[in-house]
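A.B. asks: Respectively, the protein sequence lines represent chains A and B.
Residue numbers for the first sequence, in this note's numbering: 1 to 274.
Residue numbers for the second sequence, in this note's numbering: 275 to 443.
You can trust all of the hints, since none of them are fake.
Mimicking DSBU-like on lysine-lysine, the simulated pairs with C-alpha atoms at most 30 Å apart in a straight line are:
(1) A:K87 with A:K2
(2) A:K221 with A:K252
(3) A:K96 with B:K442
(4) A:K100 with A:K186
(5) B:K351 with B:K387
(6) B:K442 with A:K2
(7) A:K6 with B:K442
(8) A:K74 with A:K87
(9) A:K87 with A:K100
(10) A:K6 with A:K87
(11) A:K96 with A:K74
(12) A:K87 with B:K442
Source of the hints: derived by calculation from the structure; they are not laboratory data.
This structure is a prediction, so every number in the text was calculated from the model and none was measured.
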Amino acid sequence: MKEALKRQSFLGEGSDLIHADCIAGLAGLGGGGSHIAQQLAHLGVGNFLLIDPDRVEETNLNRLVGATHRDVLKATRKTAVAKRVIKGINPQAAVKTANKKWQECHELIRGCDVIFGCLDTYRDRSELEALARRYLIPYVDIGMDVHRVGEEFAVTGQIILSMPGELCMRCLGFLRDELLEREAAKYGDAGGRPQIVWANGALASAAVGIFTQLLTPWHRKHEPTIYLEYEGNSQTVTRSNRLEYMRDKECKHFSTADGLGDPFWAPVRRLRPA
Amino acid sequence: MRTIFKITQSVLGRALCDLRRPHAFAAERVGFFSCRVGGLRSTGWVILAEEFHPVADDDYLEDHTVGAMMGPDAIRKAMQVALDRQCCMFHVHIHEHRGQPRFSAIDISETDKFVPDFWNVAPQMVHGAIVLSSDSMAGRCWHPRLRSPIRILELAAIGSPMLIRRRKS
Chain A
1 MKEALKRQSF LGEGSDLIHA DCIAGLAGLG GGGSHIAQQL AHLGVGNFLL
51 IDPDRVEETN LNRLVGATHR DVLKATRKTA VAKRVIKGIN PQAAVKTANK
101 KWQECHELIR GCDVIFGCLD TYRDRSELEA LARRYLIPYV DIGMDVHRVG
151 EEFAVTGQII LSMPGELCMR CLGFLRDELL EREAAKYGDA GGRPQIVWAN
201 GALASAAVGI FTQLLTPWHR KHEPTIYLEY EGNSQTVTRS NRLEYMRDKE
251 CKHFSTADGL GDPFWAPVRR LRPA
Chain B
275 MRTIFKITQS VLGRALCDLR RPHAFAAERV GFFSCRVGGL RSTGWVILAE
325 EFHPVADDDY LEDHTVGAMM GPDAIRKAMQ VALDRQCCMF HVHIHEHRGQ
375 PRFSAIDISE TDKFVPDFWN VAPQMVHGAI VLSSDSMAGR CWHPRLRSPI
425 RILELAAIGS PMLIRRRKS
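Pulled out of the complex, with its shape left as it was, chain B reads as follows (with noise of 0.2 Å):
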């Protein structure tokens, strides 16, 4: 199966600027893009960002063993996003370096939980979690035909200059 995700140079800009403002307690920031998806041919999918949402400073929960844990109000918020706008949802977090990033061992256990609950209030959406790091990404989703989450091997931001990351496997 194909997969595709793609932003706008705008939209990435908006959530990396975001993502970087320190937080009063926690390590890092994260966010959700709200996304729009299309059919490729009859074997895969584009995933599209069109905004990026914030996590608001109180949602926060002080969690040491953690970067950034959410609390309840942040995962309701992103929820009530998916419901109104019957939208996929994409939660978001960057590792500040350059080159590919990978999801860590944490990110993987901790999506793995919340993400398929947004099919409780979206469930014909592809929803899924981006990393970010300085100079590129790397996504996973879950799409409700398929059982387990798929990496997402095309990546690519829209604007000048474009950036395409694409891998084989």
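Next up, chain A with everything else stripped away, as it sits in the complex (with noise of 0.2 Å):
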């Protein structure tokens, strides 16, 4: 095990190989995405996807991990500074950019071993979902947001596994209709949403626990999904009572009878062996 690593050697043995070896996918850079991918970086995680078509502004200087001034005065790509954390923390690892939305990458998504969604949108993560769905790929989704209260204002958000086969954000009522009809409503006029660096550094501390569970020998109290709900204003996370009502239960949404794969799939010529 590196020097660097040894610290976390409880999370079991190979864990630092496992965490080398996997490919870990990043949608959106932003508060959360540029938390987890430093934490993910001081794993040793060796190889990330990072997606994200934007550039660094003035205004996410409250809350993206390693942006600095100069690049907002650079207009530097927020995965290049991603890019630039995790290579300053671990020179090896194999980082792949793609400055669009992940809709116009999702071929590159198919090959991570888990993706992490930090999205905006309700509709972006319910895409994001039923890609992963359809490649069996585990998705850990994160988002925060800020409600006002009588005179003061509620710090909230949401931790989210959700694995293949297994209950996803509509079965747990994440996703609903009438959120997603309200988003499409408002579309052009969202303005920019609040955000608070150590909300988002709570809620991808959380996303980047449940990925070390899922792929290290660490402990063996897994739980096939994960819905955990934050409380900001309190600095709780508690596992969300939805799950409770939804023991038992499969999912409705998302079949991997026929929903697996490539709808069209074919390859181009075929050839008989030798």
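Could you fit the two chains together into a complex? Lean on the hints.
C.D. replies: If you want it as structure tokens, here you go:
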């Protein structure tokens, strides 16, 4: 085990090799995704696919890990900032970047072992989860929001593990048609959503914990679906009550019987064995 | 060409349960995974197991020179699945040990004989063979664009916990 990883040897025999071998995909390198990228690099993850079409703006500096004032002036790509952070921690890491919307590089995502969704909209989440299901990729979603409650503001968020074959974000009630419709009606009128660094950090840390639990022999108490709710005002992360209601239920929205792979797969031409 | 084989822990668990059942005379059991396939950029594909199909007790032939010999009905039924669903078919059996399993010489020679026949009923698909151990797996596949079978270097069982086996060559 590398000297840099010895303090995490409790994760189990071979955990360093598991992380070094793993391909982690990150869709969205903003407040949440930049935290996750940094933590995965510290963990020793060896392969990254970083996807984000945006460049650093001044309004990102309150939360974007690794971004500097100089990046604002140079309008650096968010993927470039994350790559710089990762390479600074682990120069051996293989980092692929895609400066586009994740929908434009879905064929790259199919090769990932785990995909993290750090996206702004329910629509994006819904579509990325569908892609992850179709290609049997565990999907970890994080997101935060700020709501006005009387004269004050409540910071909330969620961390969800959507595992192929298990309950999905619709089953859990996190994605609902009315939310998608409301969002579509407000399209183009969203404005800058409130974000704060410590909430992003708490969500990202929990997501990376889930990732580590999935991959390493750290401990054996595994849950097939994880839905954690973040309460920013009390600084707590709790298991969602919705999981209790869904115990022993099966996902009705995605089926592995007919929902896998390319719908219209065809190789270019066929050659019989010599 | 990058090739990945993925299976959920639940489908894998069903296969392991069946393959470990004793048979009246065969020393081991075999079965098939029906699979779907997806492209990986322009240079590879991912094979996704969707269902395990056991070989029925009566479809084994008594042949003590091999662990398990499938009769013609076993192959015919697997071909029917491939034809009806236009899916990939992967033969599967288990070597009961821990660690990385390997195809034996007889595994290779036998699968070389019958796996390409699946192209007669599902010519566009990737077909192949998987060998499981108690905690790992290995695979070979026949792609319609390639003349010879290739080793599958990346295999993953998806669930909690995940199993990922990735080899460089």
